[in-house]
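*Asks:* Single-letter residue listing:
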Amino acid sequence: MSKPHYDREHHVKKATGIGDPQCFKGEAGPPKFKVGDKVRVRDLPDIFYSRTQVYTRGAEATVAELVYESPAPEDEAWDNTENVVWFYSLIFKQKDLWPDYPDAFANDTLETELPERWLEPL
Amino acid sequence: MSSSVRHKVMKHLEIVKQLQPSLHYETHAPAPDQIDNEHYRAYTRMSHDVGGEPDVPITWEEKEEEVWEHNTFVTCEVLAWRGVWNAEERRRRQNVDVGQTQYLGLPYYGRWLLTAARILVDKQYITVTELSDKIDEVRKRYE
Numbered sequence: 001m002s003k004p005h006y007d008r009e010h011h012v013k014k015a016t017g018i019g020d021p022q023c024f025k026g027e028a029g030p031p032k033f034k035v036g037d038k039v040r041v042r043d044l045p046d047i048f049y050s051r052t053q054v055y056t057r058g059a060e061a062t063v064a065e066l067v068y069e070s071p072a073p074e075d076e077a078w079d080n081t082e083n084v085v086w087f088y089s090l091i092f093k094q095k096d097l098w099p100d101y102p103d104a105f106a107n108d109t110l111e112t113e114l115p116e117r118w119l120e121p122l
Numbered sequence: 001m002s003s004s005v006r007h008k009v010m011k012h013l014e015i016v017k018q019l020q021p022s023l024h025y026e027t028h029a030p031a032p033d034q035i036d037n038e039h040y041r042a043y044t045r046m047s048h049d050v051g052g053e054p055d056v057p058i059t060w061e062e063k064e065e066e067v068w069e070h071n072t073f074v075t076c077e078v079l080a081w082r083g084v085w086n087a088e089e090r091r092r093r094q095n096v097d098v099g100q101t102q103y104l105g106l107p108y109y110g111r112w113l114l115t116a117a118r119i120l121v122d123k124q125y126i127t128v129t130e131l132s133d134k135i136d137e138v139r140k141r142y143e
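Residue numbers (the numbering used here), protein chains in the order written: chain V, 1 to 122; chain P, 1 to 143.
There's no promise every hint is true.
Per label pair, the in silico range of CB-to-CB distance [said to hold, decoys possible]:
#1 E26(P) with D37(V): 46 to 54 Å
#2 T101(P) with H10(V): 44 to 52 Å
#3 A64(V) with G52(P): 16 to 24 Å
#4 E61(P) with D100(V): 39 to 47 Å
#5 L44(V) with G52(P): 14 to 22 Å
#6 S3(P) with A59(V): 31 to 39 Å
One-sided and incomplete, this derived list gives chain P residues near chain V with beta-carbon spacing under 10 Å [what the hints assert, rightly or not]:
#7 R6
#8 H39
#9 R45
#10 H48
#11 I58
#12 W60
#13 K63
#14 G83
#15 E88
#16 E89
#17 R92
#18 V96
Hints are computed from structural coordinates only; laboratory data are not their basis. The structure displayed is predicted, hence computed values, not measured ones. Glycine included, each C-beta is placed from N, C-alpha and C at the ideal position.
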């Protein structure tokens, strides 16, 4: 059996002198959500790799910013860079994430970034 | 030589006894019908997704990075410049592929270093026999 061939340099060639994720700019197409939109985090199967924290699944959030375009971490982690998606900075209420969060801090929020494939409109 | 190796082996087994899987059950080889969907999800949880796990406060210590830590960081960056991996593949291997015991048990740059060796083996730049022989050779310099 011959050794597998890995295309070892396409990512670094694409990013050199531009930066990552800047090198994926313009590849994600029109964004599905805009600043201020309410979204819910999908509970997709997380097999092998993901950066979507389980504690956010099913929770509501507000889009604070469209931050950049990039392959989702679960694709990029195997150097699959063809499917570029928008990343959103999202604001959650801490009370929505943690049932025991004290009422005295009911206005506390948590902000984190997630790729578009993990979000559905509310 | 042999007695010192046996001493190391016994010490190793003492530490291994203290390591436990993250869920404590009497059996570690369950029948398929003993694993429901909730337990499957718990077992396959990404080790870097620590949000919601119980922990205790730790003391903040200001500490400079050590030379081997800088060297490890530079090695990993050079592997990226040469296209061996990208940052996300590095994080996957360092933070998830290592499993929960190593993720929580090894120093931060220890995981970087272990993973740098692993990627070179996985993508067939070096073989495990070459790596093992080299580690053995270097180790002998310090005996």
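*Asks:* Interface hint check: H48(P), Cβ to nearest Cβ on chain V, cutoff 10 Å. Holds or violated?
*Replies:* holds, 8 Å
*Asks:* Verify the interface restraint on E88(P): the C-beta must sit less than 10 Å from at least one C-beta of chain V.
*Replies:* holds, 4 Å
*Asks:* Could you see if the CB distance from S3(P) to A59(V) stays within 31 to 39 Å?
*Replies:* violated, 59 Å
*Asks:* Any CB of chain V closer than 10 Å to the CB of G83(P)?
*Replies:* holds, 4 Å
*Asks:* Return holds or violated for the Cβ distance of E26(P) and D37(V) against the range 46 to 54 Å.
*Replies:* Holds, at about 49 Å.
*Asks:* R92(P) was flagged as interface toward chain V. Is the shortest Cβ-Cβ separation under 10 Å?
*Replies:* This interface hint holds because 4 Å falls under the 10 Å limit.
*Asks:* Is it true that the C-beta distance of L44(V) to G52(P) lies inside 14 to 22 Å, as the hint says?
*Replies:* The hinted range 14 to 22 Å holds for L44(V) and G52(P), with Cβ atoms some 18 Å apart.
*Asks:* Holds or violated: is there a CB of chain V closer than 10 Å to the CB of W60(P)?
*Replies:* violated, 22 Å
*Asks:* Does K63(P) meet its interface restraint, that is, does its C-beta lie within less than 10 Å of any C-beta in chain V?
*Replies:* Hint violated; K63(P) Cβ to chain V Cβ min 27 Å, cut 10 Å.
*Asks:* Taking the least C-beta to C-beta distance, is V96(P) closer than 10 Å to chain V?
*Replies:* holds, 6 Å
*Asks:* Identify whether the interface hint at H39(P) stands, where standing means a beta carbon of chain V within less than 10 Å of its own.
*Replies:* violated, 15 Å
*Asks:* Have a go at the E89(P) hint: is there a Cβ in chain V nearer than 10 Å to its own Cβ?
*Replies:* Because about 5 Å separates E89(P) from the closest Cβ in chain V, which is inside the 10 Å limit, the hint holds.
The structure shown violates the earlier hints numbered 2, 4, 6, 7, 8, 11, 12 and 13.
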